[in-house]
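One letter stands for each residue in the lines below.
Protein chains: 2
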Amino acid sequence: MGTIPDNRPDNRPDKYAIGIDFGTLSGRAVVVRVSDGAELAGEVHEYRHGVVDHVLPSTGERLPPDWALQVPSDYVDVLKTAVPKAVAKAGIDAGDVIGVGTDFTASTPLPTLADGTPLCELERFADRPHAYVKLWKHHAAQRQADRINAVARERGEPWLDRYGGLISSEWEFAKALQLLEEDPEAYRAMERWVEAADWIVWQLTGTYVRNNCTAGYKGIRQDGAYPSREYLAALNPEFADFVEQKLDQPIGNLGDRAGGLTAQAAQWTGLPEGIAVAVGNVDAHVTAPAANAVEPGQMVAIMGTSTCHVMNGTTLRDVPGMCGVVDGGIMAGYWGYEAGQTGVGDIFAWFADTSVPPEYHAEAERRGLDIHDHLSELAAAQQVGEHGLVALDWHNGNRSVLVNHELSGVVVGQTLATRPEDTYRALLEATAFGTRTITDSFTTAGVDVTELVVAGGLLRNRVLLQIYADVTRLPLSVIGSEQGPALGSAIHAAVAAGAYPDVRTAAAAMGRSERAVYTPDPGRADAYDALYAEYVTLHDYFGRGTNDVMRRLREIRRKALSA
Amino acid sequence: MGTIPDNRPDNRPDKYAIGIDFGTLSGRAVVVRVSDGAELAGEVHEYRHGVVDHVLPSTGERLPPDWALQVPSDYVDVLKTAVPKAVAKAGIDAGDVIGVGTDFTASTPLPTLADGTPLCELERFADRPHAYVKLWKHHAAQRQADRINAVARERGEPWLDRYGGLISSEWEFAKALQLLEEDPEAYRAMERWVEAADWIVWQLTGTYVRNNCTAGYKGIRQDGAYPSREYLAALNPEFADFVEQKLDQPIGNLGDRAGGLTAQAAQWTGLPEGIAVAVGNVDAHVTAPAANAVEPGQMVAIMGTSTCHVMNGTTLRDVPGMCGVVDGGIMAGYWGYEAGQTGVGDIFAWFADTSVPPEYHAEAERRGLDIHDHLSELAAAQQVGEHGLVALDWHNGNRSVLVNHELSGVVVGQTLATRPEDTYRALLEATAFGTRTITDSFTTAGVDVTELVVAGGLLRNRVLLQIYADVTRLPLSVIGSEQGPALGSAIHAAVAAGAYPDVRTAAAAMGRSERAVYTPDPGRADAYDALYAEYVTLHDYFGRGTNDVMRRLREIRRKALSA
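Chains as they are written, first to last, in my numbering: chain A, 22 to 584; chain B, 22 to 584.
Mixed in with the good hints, there may be bad ones.
Identical copies look the same in the list; a pair holds intra-copy or inter-copy alike.
Said to hold, decoys possible - No farther apart than 16 Å at their CA atoms in a straight line, the calculated lysine to aspartate or glutamate pairs in the EDC-like style are these:
id, residue 1, residue 2
1, K580, D550
2, K101, E294
3, K580, D547
4, K267, E212
5, K580, E407
Read the hints as simulated data drawn from the structure, not as lab findings.
So that you can see chain A by itself, here it is in the shape it has in the complex (with noise of 0.2 Å):
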């Protein structure tokens, strides 16, 4: 990470806070200079199991398509390797640590006993499927979460607004109705039902808190409240008292301390005993103070396999679509907005992957290029609308607006003339469009979008993010850490361990990003405008109800593979 300039106010010793982003790959530990934010070291631990979707680890049981699940021990193993190795590399003293702070995928949660140990480390659950961790992306829960918003939408529930008028498969709901249904012992051995991201964090303070964040957005909790006995009786009438048996628990609010580290996870980690932990977090949400990004206007899209965009708004809104909007959810004062795209680079990296040819892979290697790079290259290299190409970005689904993850990929136009980067360009501005999808609907709920402002691994793909702000007409700011989340969570546990009173005052001095650094060509946007009310057509015609074919294709794969 270079040399740190030393901006210090004074002449005080240096305090550290250490970030911990759990993402879906692996974990990631960052120490960070309290007083500006410097990033001293970080350090990654790669999961041992990494996304479990093929077999079970414990007996080498194929699993279903479109599951994803985890196991709880690889994010302890984080603690325990990448969290020492992290201080070591900075050079400081772990005595001048003051404060953890975490960030974890969403929803990604998982059953446990009243004392947090997973029904997966249980000698007669270990063989259970539905005893692990649910990632995030694990995407077999779309019968369920039918029926969620079918009987909110019959017994109108208020809350169903707060989440542009669906409920995701991914969440907390639909996948705990589908573990009820599917396996039902071990529903009901399972005494509490928990995010990952409030499991670390009882992991490291022996407290249960609920964070703020996820129980709004992937917990249907509005206004202080569940969704009511009745409702979930309706789903099915041994769900009627999970809310109060499994899922309820105290919340804490982002930026406050969750408790002190444990003996054990001060062993675990080699910090001191007692600092501050802070509440969970959510690796999206936590990476607007990262960008010092809070203001209501500046939407902030973490780009990687997949896009989630989070903004801070001074009034409440329905917008069509969104993931949600949670008082305080990205930071206390604020209605916080999100919306996501399930599925961005990594559907550039399926297509490099699965549709590139030799001659190609041996073009870029001569050259010295990334795949992506050498195919981004020669992807710039054509007029807009030249590939004669439209594309949908569904190929994992759809979140924002759509929120249905039966949908999947589609590409139109391809002829017998039509190479490679022309199909990878059509992907590269399906995504695009995806976004102003959804800009287009937070600006005509009345939620206006003036700036957007990008973290994540897509960052270094200049030719994407010059599509970005052709496509959405939006300035695009990018963030000034290669670790967003990390650092955000470590402003976090900055403010836990009271080094600032707020986290938008800690934002200020500990975040930043570098403004407006692409703007959109009038010439390229104007065209753009055609190719994106094609997209808007195609994307009405397949996701909202038109042609079900991508829904009935699913079932025909479904029957095919159990035949």
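Take the given structure of chain A and dock chain B to it, following the hints.
What follows is chain B alone, placed relative to chain A:
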């Protein structure tokens, strides 16, 4: 071609016919024994200029998208090289050759002077793209075709229904009108607008005889007449005398003797001067007798880069979307029906060339397999519908039943789990659905299809043919020759030379096929019905005007390329 069984009926010395098949990339001459159709030897000559679709060879000028030209001297080179080599390879005495028959791609017209000299061979026109042969797959005359159709509908032209309600941009009138409107000087200099099928016979005999087949299918000649002067004037005043001044010509029927081989052609080919040269023919149509499949209900599908379907019928019906119905268009005494798919093997080749990653090529090589065989084998190892995909096979436009070359390909249903063999299989299936669309259209119109008789290069893909049987629910027979068109041309040569009284008799003696090699599996056929229903819905949505996105994408592409 292995050992030739000798089943001559008597001790007369063997006589031979030469069949010459002019394809898209090469011409092939085959020496065939007249008594039993045995193929003694064949020789291929690749056209020196191939398909001219990027730059004009004479100037290096870049051609617009969708253009496809050829150079007529390439065809003469086939006479000069492939014919003498085939005769030499067969080890026969050239003096025992009694006739020559030819077949050609169509509609593949060229502008010539009154003596047959191609305009492109005149110095002052050598740099004009419009002076060259417009290959069948030249797709740049769609605007003219649209007008041809609109004006015909408006005026209630009686011939329109003979072409399924639509005249293709691939045919003589659209291509000539494009020539007139884009290069009026070349149009005025043109004295004849000649199908290459007839031009090559003209080179062999010194006589311009227009064959009944292309005149009917590609030249809108019905009931002995062409479109009226008034109709042509309505298209463009200067086009009014197109038929009488540039197109009309004495007609020869299939199997008739067009003339005798000239001294010059005898010198080119090494064949005896004066032997019978059959009236020109089309590669698809000439294949029906080669497969001895000339009875009503036997639809012959010549499956290669594209697929042509030809079938005799006893009654005249208007089949929506057929290419055409012509009295004696395949064989005298029957109504000859034609339909077609513009992209079949071309689509598979495009996919294999542009969309298959290195590991697959390496694995195919390791197994000693062609990439298509490797992909087909992987594709075959799954249940119907397991890939979750449905595709539209329009990467090269659509001939039947939509007759629109502005259409393009679609793949619906790709996810991050989609593998190359999945999409490959979906494309194989899409072409099978395209065939079923055609057979359904015929059957609905009262022209029953009871058997598919397959010829062409795709014969060797057993996975593909089983899919066709399952999708169409028809028994599939396969032609008993690898060189169907050349054999068919030789059959016509034998008839033209008087060795048989008519084509049917010659076909029974010289043609051959193996019956019902593939039969539908009821379970798979049922499963395919569900996917076919999805195909039909998408086919009609994208193809029948509900969403003209493909046409607009082409327009955007053209504009972008010209920017």
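**OP:** Run the structure past the numbered hints and jot down the numbers of the failing ones, going up.
**Re:** none
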